[in-house]
Structure formats: C-alpha cells, structure tokens
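Participant: So the sequence lines, in the order shown, correspond to chains D and X.
Under the working numbering, the first residue of the first sequence is numbered 1, with each subsequent residue one higher.
Under the working numbering, the first residue of the second sequence is numbered 1001, with each subsequent residue one higher.
Derived from the structure by calculation, the hints contain no laboratory data.
Note that the Cβ used here is the ideal one computed from N, Cα and C, for glycine as well.
Distance condition first, Cα-Cα at most 27 Å in a straight line; then the derived DSS-like pairs of lysine-lysine:
#	chain 1	residue 1	chain 2	residue 2
1	X	Lys1042	X	Lys1103
2	X	Lys1103	X	Lys1036
3	X	Lys1146	D	Lys15
4	D	Lys15	X	Lys1148
5	D	Lys15	D	Lys179
6	D	Lys15	D	Lys183
7	X	Lys1146	D	Lys41
8	D	Lys15	D	Lys177
9	X	Lys1237	X	Lys1146
Here are a few chain D residues that face chain X, going by a calculated C-beta distance under 8 Å:
#	residue
10	Phe24
11	Asp59
12	Gly63
13	Leu64
14	Gly67
15	Ala68
16	Glu71
17	Asn90
18	Gln95
19	Arg102
20	Pro137
21	Ser161
22	Gly189
23	Pro236
From chain X, some residues computed to sit far from chain D (all C-beta separations above 10 Å):
#	residue
24	Ile1032
25	Gly1070
26	Lys1103
27	Ser1194
28	Gly1259
29	Asp1262
30	Ile1306
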Amino acid sequence: MSVTYIEAIREAQEKLLRDDERVFLYGQDIAAFGGAFKATKGLSEEFPGRVFDSPISEDAMIGLAVGAAIEGMRPIVEMQFADFSSIGFNQIVNQAATHFYRTGVPIPLTVRLPSGGTPGSGPFHSQSMEGLYAQYPGLVVVTPATVSDAYHMLVGAVGLSDPVLFCEHKFLYRWLKAKAIDKEGLPIGRARIARPGKHATVVTYSAMVHEAVRAADRLQADGWEIEVVDLRSVKPLDLDTVLASVARTGRLLALGEAFPWGGVTAEVVARVVEEGFHLLDAPPRRLNARDTPVPYHPRLWAAHRPTPESVCEALRKLLSL
Amino acid sequence: MPVVDESALKTAGGAEGDFLCATYRAMMTARILEDKLSSLYKAGKIVGGVYLGKGQEAVSAVLGTALIQGKDCFAPLIRDQAGRTAFGEPLLDCTRTYLGSVKGPMRGRDGNIHRGRPEKGMPAMISHLGAQVPLVAGILFAKRLKGKLEGCVGATSVGDGATSTGAFHEGLNVAAVERLPMVVVVADNQFAYSTPTDRQYACEDLAQRAAGYGVQGHRVDGTDLMACAKVICGAVKAAREGGGPQMVVAKLLRLSGHGEHDDGSYVPQVAKEGRFGRDCIEVGRQQLVDGGYATKEQVGEWHSEISQEVQRAVAQAQQEPGPDPYQEVWNALSTEFPGPECV
Chain D
1 MSVTYIEAIR EAQEKLLRDD ERVFLYGQDI AAFGGAFKAT KGLSEEFPGR
51 VFDSPISEDA MIGLAVGAAI EGMRPIVEMQ FADFSSIGFN QIVNQAATHF
101 YRTGVPIPLT VRLPSGGTPG SGPFHSQSME GLYAQYPGLV VVTPATVSDA
151 YHMLVGAVGL SDPVLFCEHK FLYRWLKAKA IDKEGLPIGR ARIARPGKHA
201 TVVTYSAMVH EAVRAADRLQ ADGWEIEVVD LRSVKPLDLD TVLASVARTG
251 RLLALGEAFP WGGVTAEVVA RVVEEGFHLL DAPPRRLNAR DTPVPYHPRL
301 WAAHRPTPES VCEALRKLLS L
Chain X
1001 MPVVDESALK TAGGAEGDFL CATYRAMMTA RILEDKLSSL YKAGKIVGGV
1051 YLGKGQEAVS AVLGTALIQG KDCFAPLIRD QAGRTAFGEP LLDCTRTYLG
1101 SVKGPMRGRD GNIHRGRPEK GMPAMISHLG AQVPLVAGIL FAKRLKGKLE
1151 GCVGATSVGD GATSTGAFHE GLNVAAVERL PMVVVVADNQ FAYSTPTDRQ
1201 YACEDLAQRA AGYGVQGHRV DGTDLMACAK VICGAVKAAR EGGGPQMVVA
1251 KLLRLSGHGE HDDGSYVPQV AKEGRFGRDC IEVGRQQLVD GGYATKEQVG
1301 EWHSEISQEV QRAVAQAQQE PGPDPYQEVW NALSTEFPGP ECV
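The shape of chain D in the complex, shown without the other chains:
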C-alpha cells in the first residue's frame, strides 16, 4: 500500500469536510468531475452540497470565498492552475490579505495553487507564485514537499483563521509516494532538515527539495556532506532552523523553482546575510529558474528549472570558495 501526494491532498480535504461543517470546496470542474488533477475525486458524492463547480471566474471565486469566510465558513478554493490565480490576484492581496488588519475580522480561506512545472505544460500552466504572494502582508504561504506535509499542512492551513496560499507541486502529484501518511506533522512555520550534512546547506522547498537531495546524494560520492533544509512554509519563514544549519556548515545555497528576480531565495539569502553574516565562510549563492517564461518543450523546460546537475554545479562552486 502506498499513498501519493495528490491522494494525501484529497484525503486531507475528505477529513476536513467530515470534521468541520464550515468547510466547503469551490473551484472549476471539482464536483462530479473530481478536479483537473482528481484532488476532489468522489468528494461531491460523499459530501452532497459541500463541493461546488464554479464558473471560470477566478476573481469571483476568491471574492465569493472571502465573503463566505466573513460569514464564518472555511472555504477551500481550488485554482485549476496556480497561474490562473493572477485573475484572482486582486481579491487575494487586496481583499483577503488586508481584511484582518483593516477590520479585525479574520479571513479563514485556503487557496490551493497547483504550482510548478511539468514537462510540456508551457508558460501558463507551470508557474510558481509563492514569492509573489509572500511579498504581501496578511497571507500565509506554504509549500509542502512531502506526502505527509501535503496532508498535514492542508489540514493545518484550513485550521488557521487567516488566508493561506497552499502551493502544491504538480510534479509531485503522482510521482511522490509514501508508505503511509505520518500520524502527526510539524506545525506550519517550522522548517525541517530533509537531509543532514556538514559542508554546505541547501535551503529550498517544494519539489526542489527532492532535486536538492538527489544532488546531495551525488556529491556524497565525492565526500561532500550536504545538508538540505526544507522550508515547508515560505511565510512564515523559519529563519532559526536556517541559521542553525548555516552555523553548522558555513555555506548557503538558496534554491527555488520560481523566476530569479527577488522571491524566496533572495529573501533567504538577505536574511542569512543580515542575521548570520558571521556564520558564513563563503558568499551565499542562489539558484532559480531562468528569467524567461517557462518553456513548453521538455528539453527546454528541463534546462529552465534547476536540476540535480545544475544544483551540483552550484554546490561545487560554493564548496570551492
């Protein structure tokens, strides 16, 4: 028996619907059809009147969910692809994110963003938007990298009384399997050491955790022990765990799949330099996707995002300094 990342997301939603009558699901093609990725398969039959197909109206989907949250519900909105949340951007960053600070009334809203690239998906079905949302006050942004985190962090996200962007990676949906979901998970806001090491730290999140671990395994053959920190949530950012790792290794590579200008990796480097400059034995490095739209062709795509090869190369440079 095994459970995939997408099955964990489905199971979390099933549990949430079962345990909390305030929860409902809203999104395109998610009811009888079960969602473009089948994250809601069977849920509309199991929970009649709780799972709704929406029109293709991302602004209205978020706007409606914010209204429902004001009224005491805990909506989970499925964006069919993270990329399309740009149409709902205004409602997310201006309506949902400002609401608690302005009015004192919190917005318990979870927006699921099927994120990141897969071969052949092209510029508009591949984006990683966590950095964009993390820039705005009033939002929690989580990026689970494991099957158990996909489950527990979704349950945790819906339990928070604030708007959460749940960035789930499409590449992990069916590829990533676990024997079972762990009984308990770490809380949102805590990073974890995905792989211990002592010569350099890779701080990353989501699908890139797995690429980093692959790269670390390859460098093991050369005698390098690379530590991989999985941020789990990019906002809040668990700087304590990051700094503790950098204190052990003295070297930092911040790795992400998003576009290179600004974003999570820039934030990690800036904060480590600001708070832990004395811990660094070499200038910190960043590795991100390239500064072009995400290309369609699998060969271009594979060269656009960081890969175990490019992570190894970046680490070798870092270790040579």
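Could you slot chain X onto chain D? The hints should help.
Facilitator: Only chain X this time, still in chain D's reference frame:
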C-alpha cells in the same frame, strides 16, 4: 435611525410614509454630514480624500432603508453615506474614520469611505471597483450553506465605471448562476472620475446588460425619490422572495467632483441643466410635502436635529486620540506564529 421592517417595503401606488420619511432623513443626514466633511477637508482637518454622494442620496438611502440590519448585508461603495446611515451605521463610524480617531472601526488603519463593520453585515470596501460584487455573493452563498438564507438579501452599489470591470462581470454572473438574493444598484452618474459614459460603455442603457446575465433589470430616475422607492424596494422585495439577482440602474448626475480635491470642471453645463442635474434632496422634499407625508415644518425640524447630531459626532471624533505608532499592533495576521524571526 430605526431599522425599517419589512412592512415598510410595501408599495401601493407610492411608498409608505414611514419608509419615505426614514429614507429622507438619511438623505438629509448624508448631505449635512458631507457638507461638514467637505468644510473640514478644505480647512485641512482631514488627511486623505473626501468623497461625497451628492446627488445620489435618494438611490443610496432607499437601498439602505429597504435592507434590514442584522439580517441583510449591504456593501456600500464610495457615494453611499446616505445608504450607510439608512442601514444603521452610526455617524461616529464616519466621523471617526475620516478624522482618524483610534476609536473608529478602522482605528486609523484605513480611512474615509473604506470603512465597515463586516460582523454587522456591512463589509468594508476596497478601492478596486466591482470587487464587492462577488464578496456579497459569497456572504449569501455562506448563508445558504448554513441554512440561514431564507428571507435575506445582500446588496451592493457600484457606479457606471465599475460595470466595466472584470470583477463586476464575474460577480454578477456567479450570483446569477447561484440564483442568489442579491441586488446590485448601479448609480450611472455620467462620470467615472472625469471619464464620461460614452468612453465607458457602448450599450444604450446599462440595464440592457441584465438580460445577458439572466438577472432582472430595472431602470429608474435616480433623482426621483418616489420612483427610487418604488423601483429599488421592488427589486429588494423580488430578491427577498426568491426572484434571484436584481440589477437596478439609476440615472443621475454626480453633483460634486470625484472627491473634494476635484472641482469637476469637466462636467458640461448642459448636463447640470439637464433632466438628471436636479438635486434629489430638493425633489424629495417637495415629494414628501406634496404627498402629505411630512410638512415643511417637520422637514425643517429634521434639519436642525440632524445638524446637531452631526456637530456632536464631529466634535467627539475631533477630541479623540489618533492611533499611536508605538502602541500599534503591527500584525496583518490573526495567527501568532512562534519565534521572533518567523514572519
């Protein structure tokens, strides 16, 4: 302002006296309050903008009076002082927000017309036009899920400019798909800031669009209190009784600039002298008196009473402290995550 009950919505060849008088008092309150706000702004006592509903009081107040606070929800927009008052918003919420009192609902965190009490059915508007349309749909959607929608209405106001936004389209469409008891009142005041309607839309009348959404459309002369009462109350009643979303397009003219920083000099004289250039406050008073709903003396007494209420609300807010940056809780999340370096 007493909450008007459903019996006040009954229209029989004209609207009920109590309803009309309550509505007119809200109109008058808005006008007197906004004249005061304008003076305070010009005296440098208000930081940020001041936005008036001058010329839109009849439309706004009728909608606010037709709704029931505690049951319905009302998402006002920029020119809805009259509707806010009619719905039950205390004057202090307005003066405290404009004057930056820490005791107001927004506590200095937001200003002027960007205020509300979402827990009392009045969401606080954001500046992005059309955004409240799906939000109100969501409040109604949630009420349905909770089994508490029966007899409720959700309403919001927009201007002609907001009808050009994607949010307006998406929101009205989803309200229609869900057949929610929603009333969208479009105050077509001929100018979106300085842009005239011939640069805003190409249809003959915005009410034509209702059919395309599958919602009931209504047209009304927004300067005519009696007509507004009849049409808007009718729309609210239809929504309340299960008729699905209603879209009311009220034709009128904005009798001020976009805000008090704007003299509105681009509004041509012909529009001011035209059919919709008349002042709904004047028209409404005449209608109340002619219809025997109130005497001139009564209306005069209301004016004195309201002027005193406004004075008190302004004076109190002016005496109250503003927010203290050193006491401010600088937290945009309700969740407290552990660790000082967390966020």
